[in-house]
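Student: Position 32, counted from 1, in the sequence shown is what the working numbering calls 32; the numbers after and before it change by one each time, with no gaps.
Worth flagging that the hints you see were computed from the coordinates, not collected in a lab. By construction, the Cβ of each residue, glycine as well, lies at the ideal position given by its N, Cα and C atoms. Be aware that a few hints might be false.
[Claimed, not checked] Using C-beta positions, here's what the derived DEER-type ranges look like:
(1) D9 x F107: 50 to 60 Å
(2) V302 x P80: 39 to 49 Å
(3) D242 x A30: 54 to 64 Å
(4) H20 x R308: 49 to 59 Å
(5) F107 x Q542: 25 to 35 Å
(6) A57 x R308: 25 to 35 Å
(7) D568 x S461: 37 to 47 Å
(8) D242 x Q554: 33 to 43 Å
(9) L553 x R280: 19 to 29 Å
(10) L109 x Q333: 50 to 60 Å
(11) D323 x G33: 36 to 46 Å
(12) P447 x L500: 15 to 25 Å
(13) Q333 x L500: 20 to 30 Å
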Amino acid sequence: MAVRRSLGDSLINAGLVTKHQVDEALAIQAKTGEKLGNVLVQLGMISETDLLRTLSADAGIPFLTEQDLAPQADAVALLPVDLARQHVAVPLKIESRHVVLAMADPFDLLAIRALTRATGRSVRVVGAQRDVVQRAIEIAYVTSAAAAAGVRVASGGSAAVSASSPTMPSAPRLNLTRGEGPRSGARPQRPAPARGDDAGNAASVVDELIRRGVELSATDIHIEPRETGLHIRYRIDGLLTDGPVFPKAAQSALISRVKILSTLDIADSRLPQDGRTQLRVAGRTVDLRVSTFPTLHGEDIVLRILDRGRVALQLEKLGVEADDLLLLRTALQRSNGLIPVTGPTGSGKTTTLYAALAELSTGDRAIITLEDPIEYEMPLIRQSQVNVRAGLTFATGLRSILRHDPDIILVGEIRDQETAQIAMSAALTGHLVLTTLHTTTAAGTIPRLLDMGIEPFVIASSVSMFVSQRLVRVLCNQCKVQVDLPPAVRKRFGLENSTLYGPQGCPGCRGTGYRGRLGIFEILPMSTDVVAGIDARTPPEQIQRDSGRPTLLQDGLRKVQAGITTLDEILRVTA
1 MAVRRSLGDS
11 LINAGLVTKH
21 QVDEALAIQA
31 KTGEKLGNVL
41 VQLGMISETD
51 LLRTLSADAG
61 IPFLTEQDLA
71 PQADAVALLP
81 VDLARQHVAV
91 PLKIESRHVV
101 LAMADPFDLL
111 AIRALTRATG
121 RSVRVVGAQR
131 DVVQRAIEIA
141 YVTSAAAAAG
151 VRVASGGSAA
161 VSASSPTMPS
171 APRLNLTRGE
181 GPRSGARPQR
191 PAPARGDDAG
201 NAASVVDELI
211 RRGVELSATD
221 IHIEPRETGL
231 HIRYRIDGLL
241 TDGPVFPKAA
251 QSALISRVKI
261 LSTLDIADSR
271 LPQDGRTQLR
281 VAGRTVDLRV
291 STFPTLHGED
301 IVLRILDRGR
311 VALQLEKLGV
321 EADDLLLLRT
331 ALQRSNGLIP
341 VTGPTGSGKT
351 TTLYAALAEL
361 STGDRAIITL
371 EDPIEYEMPL
381 IRQSQVNVRA
391 GLTFATGLRS
401 ILRHDPDIIL
411 VGEIRDQETA
421 QIAMSAALTG
431 HLVLTTLHTT
441 TAAGTIPRLL
451 DMGIEPFVIA
461 SSVSMFVSQR
471 LVRVLCNQCK
481 VQVDLPPAVR
491 KRFGLENSTL
501 YGPQGCPGCR
511 GTGYRGRLGI
521 FEILPMSTDV
531 VAGIDARTPP
541 EQIQRDSGRP
551 TLLQDGLRKV
561 QAGITTLDEI
571 LRVTA
């Protein structure tokens, strides 16, 4: 009878670790009682995938690659999607009385029992890399929803499932013959409105894409026509993630459905359009802001998901450190002054301003906004939206607002000299003005305003403080692991005595190691040193140094030391 090798021997024979490393891990295991494999992963000696491959080989469990995963619809229908995501398991096929499932952890007996009960069949498990299983789950369940609507979803691999497949549930088919995208050099064709079954089928697919976006806490859904198909991508925690791919023939019906949903002109595909709608998704109200743009292969669409229930409109929840928060609140309680919040697109400026307005909206002050566009409706605040075609610009709108007896004004963005001058004048005449600019640092706002023709003494007199911010991904608390950095890197960033953490990946964070985002901030109050720097037209970097206030990088490093995020994340947004 053959004697089964130990895990350590198997890893050594596979060349993944050395005997010295195994001995070191065994010594730690003796103290902690953890499994040897988990200790080796935590020490960074092997990856989770290497561990799973080795364990699977020892147990005689097949370990599949992404190309091997081809979930069949009848198997997928046995398992609810929430359980599939919870246990990171995707049904592949039904064989006689049992179902074959690919699992990220095929040794989780409790999960296997739960899956057996849920499917009503005995379970045969195979192993696969965690992120591979997670991608297969998303493709499989979106495919099922699309198949029910008669649309084929391609994944670029063997996981593609056709609506004509005999394993698919029967459903009315979309008439997609009229949906061919424009050929290179050809004039874009006006899509015919979807009617009857076509409209209903496309609606169910679009509804599923939006529902999935809300479930993933995505901020945007990108619908991208390409030469070979219609690609869906979700922006999650600031980064784009691939979603399903639809055939080119589905493009017209799906895009028409989105445009109908947002009250856009489906007959006009040659000009950009903007619209919005409000939906009930997963029991809560979600606003969608929809933008279209004509491209070579059809209309590109971006749906901005505005889920107020997910956004923390409270200043203390944005990531502002206690000392900075005190300075910011002091400036907000003044009856006058300008507070510009700066940063690139997608850095959280609007959320910060809305959080400030939510705190200031106490019912005894008149608050009026001029935005482009309005992202969230707020009680007790009069909100208006720029309409350039009708002549309502930031400058013209701001002039009119000043005649409506406001105490606090929000100007969505200062883009030109005229708007800047009116905003500065309002701040000097007894109004608190909140606004945004696109500059990279807090002190960098100064030369931007000077370039707009604003005099130094006007900036010094009207601005209360400059704020700059970025958003960084937050480490998942369920799976973050302690990591180390080279001594030279630690010394360079002042992290010599800090305990540092890094991402690992788990079902709760979809294998990314991160969950949610938080702001890092640069708060620069108007002080005598800053005023002197403005008068002397000192370079912004020197103004920041002279102020003694923390920079974006320094504020980010505080969050690295607190175990909230990683050095890589901070450098990604501040470099």
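Student: None of the hints should be skipped; say for each whether it holds.
Tutor: Each hint tested on the structure:
no.: 1; hint: D9 x F107: 50 to 60 Å; verdict: violated, 18 Å
no.: 2; hint: V302 x P80: 39 to 49 Å; verdict: violated, 30 Å
no.: 3; hint: D242 x A30: 54 to 64 Å; verdict: violated, 44 Å
no.: 4; hint: H20 x R308: 49 to 59 Å; verdict: holds, 55 Å
no.: 5; hint: F107 x Q542: 25 to 35 Å; verdict: violated, 59 Å
no.: 6; hint: A57 x R308: 25 to 35 Å; verdict: violated, 49 Å
no.: 7; hint: D568 x S461: 37 to 47 Å; verdict: holds, 41 Å
no.: 8; hint: D242 x Q554: 33 to 43 Å; verdict: holds, 35 Å
no.: 9; hint: L553 x R280: 19 to 29 Å; verdict: violated, 42 Å
no.: 10; hint: L109 x Q333: 50 to 60 Å; verdict: holds, 58 Å
no.: 11; hint: D323 x G33: 36 to 46 Å; verdict: holds, 42 Å
no.: 12; hint: P447 x L500: 15 to 25 Å; verdict: violated, 36 Å
no.: 13; hint: Q333 x L500: 20 to 30 Å; verdict: violated, 37 Å
Hints 1, 2, 3, 5, 6, 9, 12, 13 from the earlier list are contradicted by this structure; the remaining hints agree with it.
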